[in-house]
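2 protein chains.
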Amino acid sequence: MSNILNKIDSPKDLKELSIEELSVLASEIREALLKKVNVIGGHVGPNLGMVEATIALHYVFNSPIDKMVYDVSHQSYVHKILTGRKEAFTNPEKYHTVSGYTNPDESEHDYFKVGHTSTSISLATGLAKARDLKGDKENIIAIIGDGALSGGQAYEGLNNASVLNSNIIILVNDNEMSIAENHGGVYENFALLRETKGKAEKNFFKTIGFDYYYSEEGHNIEQLIEVFEKVKDIDHPVVVHMHTIKGKGLEVAEKNKEQWHSAFPGALNIKPDQKIQMPESYPSITKDFIVDKYEKGENVIAITAATPVFTGFTPDLRVQAGIHYTDVGIAEEHAVAFASGLARNGAKPILSIASSFVQRTYDQLSHDLSLNNNAATILVYAAGISAMDSTHLGTFDIPLISNIPNMVYLAPTCKEEYLAMLNWAVDQNSHPVAIRIPDWNLISTGIEDTTDYSILNKYKVMEKGSEVAIIGLGGFFKLGKKVKTMLKDKLGIDATLINPHFITGLDEDLLKSLESNHKLVITLEDGILDGGFGEKIARFYGASDVKVLNFGSKKEFTDSVPLNELYEKYHLTDELIVADIEKCLK
Amino acid sequence: MSNILNKIDSPKDLKELSIEELSVLASEIREALLKKVNVIGGHVGPNLGMVEATIALHYVFNSPIDKMVYDVSHQSYVHKILTGRKEAFTNPEKYHTVSGYTNPDESEHDYFKVGHTSTSISLATGLAKARDLKGDKENIIAIIGDGALSGGQAYEGLNNASVLNSNIIILVNDNEMSIAENHGGVYENFALLRETKGKAEKNFFKTIGFDYYYSEEGHNIEQLIEVFEKVKDIDHPVVVHMHTIKGKGLEVAEKNKEQWHSAFPGALNIKPDQKIQMPESYPSITKDFIVDKYEKGENVIAITAATPVFTGFTPDLRVQAGIHYTDVGIAEEHAVAFASGLARNGAKPILSIASSFVQRTYDQLSHDLSLNNNAATILVYAAGISAMDSTHLGTFDIPLISNIPNMVYLAPTCKEEYLAMLNWAVDQNSHPVAIRIPDWNLISTGIEDTTDYSILNKYKVMEKGSEVAIIGLGGFFKLGKKVKTMLKDKLGIDATLINPHFITGLDEDLLKSLESNHKLVITLEDGILDGGFGEKIARFYGASDVKVLNFGSKKEFTDSVPLNELYEKYHLTDELIVADIEKCLK
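Which chain is which? The protein sequence lines are R and D, in order.
For the first sequence, full-length UniProt numbering begins at 1 and goes up steadily by one.
For the second sequence, full-length UniProt numbering begins at 1 and goes up steadily by one.
Warning: the hint list may mix true and false statements.
The list treats identical chains as one, so a pair stands whether inside a single copy or across any two.
As the list claims (entries may be wrong) - Here are the simulated lysine-lysine pairs, DSSO-like style, with alpha carbons at most 27 Å apart:
id : residue 1 : residue 2
1  : Lys569    : Lys458
2  : Lys293    : Lys137
3  : Lys287    : Lys134
4  : Lys583    : Lys490
5  : Lys583    : Lys519
6  : Lys230    : Lys202
7  : Lys415    : Lys271
8  : Lys512    : Lys583
9  : Lys519    : Lys586
10 : Lys512    : Lys586
11 : Lys460    : Lys519
12 : Lys583    : Lys271
13 : Lys137    : Lys415
14 : Lys296    : Lys134
15 : Lys271    : Lys481
16 : Lys464    : Lys512
17 : Lys296    : Lys137
Keep in mind that the hints were calculated from the coordinates and are not lab data.
Computed from a predicted model, the values in this text were never measured in an experiment.
Between the sequences and the hints, there should be enough to build the whole structure, so can you do that?
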């Protein structure tokens, strides 16, 4: 282990170091970060940009009495190193002992589990108000950057923090980036503030009522300590606007900030000129679809809220697409309402968004879009049970989206169905349509899908059988096929296999017809059971003699649990499902 | 009918009038508004403040080619009068032919159904972008005010509208108010801009990148026409900041803006010094509970997002409460995250919010609050099936809230249960707790509730019977009692009656035990069935011989449909339910 980092077991160990030693420490930390990220992957760019600032924060403030709230918290690796968790970054055997986000279960220096953007200011305002209620005096610090200031919740937080009348420090880490480049008018003001070293009269933070400090050199520990000392124990709300370089210290990352926001294992071993051939994927075929449409003169427009990876548009293609591509920045609520407005005036918006972030837009999906029945298309990515961190689960979108009136939520099982659904969604003018992308891996059957999706809630019987009917939704249709095979092999049952296509409604005629020669209907869905698809089937058969078994995940926040463990636990393997069926039929 | 108004059948009729005639028209409109509102109630303050501005807008712009989007749209009465719907305001027999909000089904001059705040800028940005895609040239105007600029979605919209690079006009109706007074730092900037007649260097809108015009006299039609003419056909984003008086022209409303935001029928007949005795209500007993707690030295804090009516705190009491009462302004997302932060640092936050607005906070309820398991209390008001406008329905909160892990959602049936639940929620430190206020009318049984709510998901058997079990949730428990009575009378069945208390989980032991001597379990919930409480019961019994019937509302946006019609339609009367039970038992 390295020299100085070796001695740091808690923030107080920092306070005895000289500025020079702190600089050496920064180098050692950077080295450890790169080594670890190259083994297990992670948010390399954001953390390289926060090395000096985190050292200076812990040098000046007294965590955990003084409370730091990291926004998104994917930039908290250095904070973890300095607060007793360095081994998780220096000892490869312990790499997996900490998560990629702050977590109160890991350390008293972490106040919240956080993985969504723009929340830190509201959370910190709550901590500060509670401090005032109790008559305490500690510093409360929100650390926000990486584009999170375009999120509405951050603004609501700023607007309330600024009238708190007591200590709250908002450290704005201005690295000129979201995941991709920043979008939105306020970032032009930040550029002006950087150009004028914080002296411009036109100052967003001041108009909202904040005292304001600017720090140009976000990688100069001495200067950072100076400005943090100035605001420590301040008796009113203050913004410290700090200019940093995303990816600082790693040349490729400084040059290509978007690509190095997050790195996959081994990314550092890739040669700079090495072209990585990306396989065909749902984003890539969607991009092709959109390009084809606008080249034919259609008013399609691809929309992302700062996660362009889901759109399939690379930086070059975005420029080519011109008005047919829009990144609204981290502003998911706006993205959905904007799409509704576009559809209302005759355009064809296609918004790509992750399941865990579509959560931010329930009211926009309901009130702005579905109540108005505007024909926008929403593509929901990263949906389904996964080994993800508890802040990035994709298991909740079915209850969230499918219980909204007017909305049509579709579940394709393969490339061909997806393209047919997408084409229908974009061409029609009657419904808001969401499509749940089934998987990262594209399954292609090679068989064209000629389904007419304008006939809503029509399920497709893929194989006709009796006794047991298997309804396999979207990504879990393939599990349904396996169950059918095993049912035949083990119990000699020739089950009916159904691909429902629609999450948002029941094919009542088909379900009714099953009653004549089926004892049991099972549903398989890649998400939580509570409020989901299967429960609607259970309700439908509630008064009949047909029995129903619903398979899906439990209502819980899982945290980086391996997928096979989750499948075991939830009975989502063909063996466990067939055993449950056998028990039920006895 | 009055003289000039009589001649106005569409906006183009305005364009032939002199300024003097337009002023007379304003008086006639004001008169009609007051007369109508005094008969059927409505948003009197916001509309009185928009009379001149709406006349000037329609004088200058060419609706519906030029497109106006009213934020919240409760201030669109004058717009309706001028766009072919005046009879709904002048002819008492036609008062109910228009809704209180914009509605594309009513008129081509209305672009969206809108009843939630802060959405207009995003929606208008979508209209504008579609216009640009099509190569059209019309004006797009968002009309926002009444405190809606503190909402995060408005900020996300501003931030994107300002970089649109083409025509979009944001008319900010600054009446110095939300429903209550404004809260948040940005409003101090608006005050500065008013004081300086828009000339202050510190200008929120300019920092976000807007061109900016200020209009001091929001009730001077000539001046308004002048400024609107200046921005008409402008080729870039612009904010017109207009100063108006909420309630203009009605003395009591100008003096007491919060009370006259919305008026009940006959409100104008109340004498100014007449004291209205408010009956005991859920807000009033909650307020008493909170005052009692903080007087005993507990760190409770009442939170509202600009709807203080749900807190029970009158303006006087808010001042008395000091730090124990916070209005965060229209900023629901912040309110929930703020509550999470408060709870994390040892305070006892109690947030009161309407069902239709809690929708805006799904991600905060999930990610910021429940994932962190912080013990905040959320009181959900105005929940349940109702004759409300489609934008203000209270039927969706059960699927929204109850499918979030860790969250405890409680359903009291009376005052005593509510107080016991509230007391438990505030005292404990283990769970975020939401409580669904069952009704506006307080039911008191007079029997103290001694239930230990820390034993989660324990249902209460109120009357033991057999054959049929009735699970009556929250406000529908009273319907359950009626059904039990009628079952006895009509079918001679002695049904079991259950008060589940908990929406978020199943009492599996109890449900299991029912299997021995019950053929049918029915569930009654005051909200949509899809994703709701009853479906979980149906799933539980899916593989058993017990049949299940779920009663609740359909998945649809109803629009001001009388409650008894909805109850008929959804089979939510004792007669219809008993008939369904009879059919099922046959």
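Now the hints, each set against the structure:
no. : hint            : result
1   : Lys569 - Lys458 : between (32 Å within a copy, 25 Å between copies)
2   : Lys293 - Lys137 : between (60 Å within a copy, 23 Å between copies)
3   : Lys287 - Lys134 : between (54 Å within a copy, 21 Å between copies)
4   : Lys583 - Lys490 : within (13 Å within a copy, 39 Å between copies)
5   : Lys583 - Lys519 : both (13 Å within a copy, 21 Å between copies)
6   : Lys230 - Lys202 : both (23 Å within a copy, 24 Å between copies)
7   : Lys415 - Lys271 : neither (32 Å within a copy, 69 Å between copies)
8   : Lys512 - Lys583 : both (24 Å within a copy, 17 Å between copies)
9   : Lys519 - Lys586 : both (11 Å within a copy, 20 Å between copies)
10  : Lys512 - Lys586 : both (23 Å within a copy, 18 Å between copies)
11  : Lys460 - Lys519 : within (19 Å within a copy, 33 Å between copies)
12  : Lys583 - Lys271 : neither (56 Å within a copy, 73 Å between copies)
13  : Lys137 - Lys415 : neither (58 Å within a copy, 39 Å between copies)
14  : Lys296 - Lys134 : between (64 Å within a copy, 14 Å between copies)
15  : Lys271 - Lys481 : neither (42 Å within a copy, 74 Å between copies)
16  : Lys464 - Lys512 : within (15 Å within a copy, 34 Å between copies)
17  : Lys296 - Lys137 : between (64 Å within a copy, 22 Å between copies)
The structure does not agree with the numbered hints 7, 12, 13, 15 stated previously, though it agrees with the rest.
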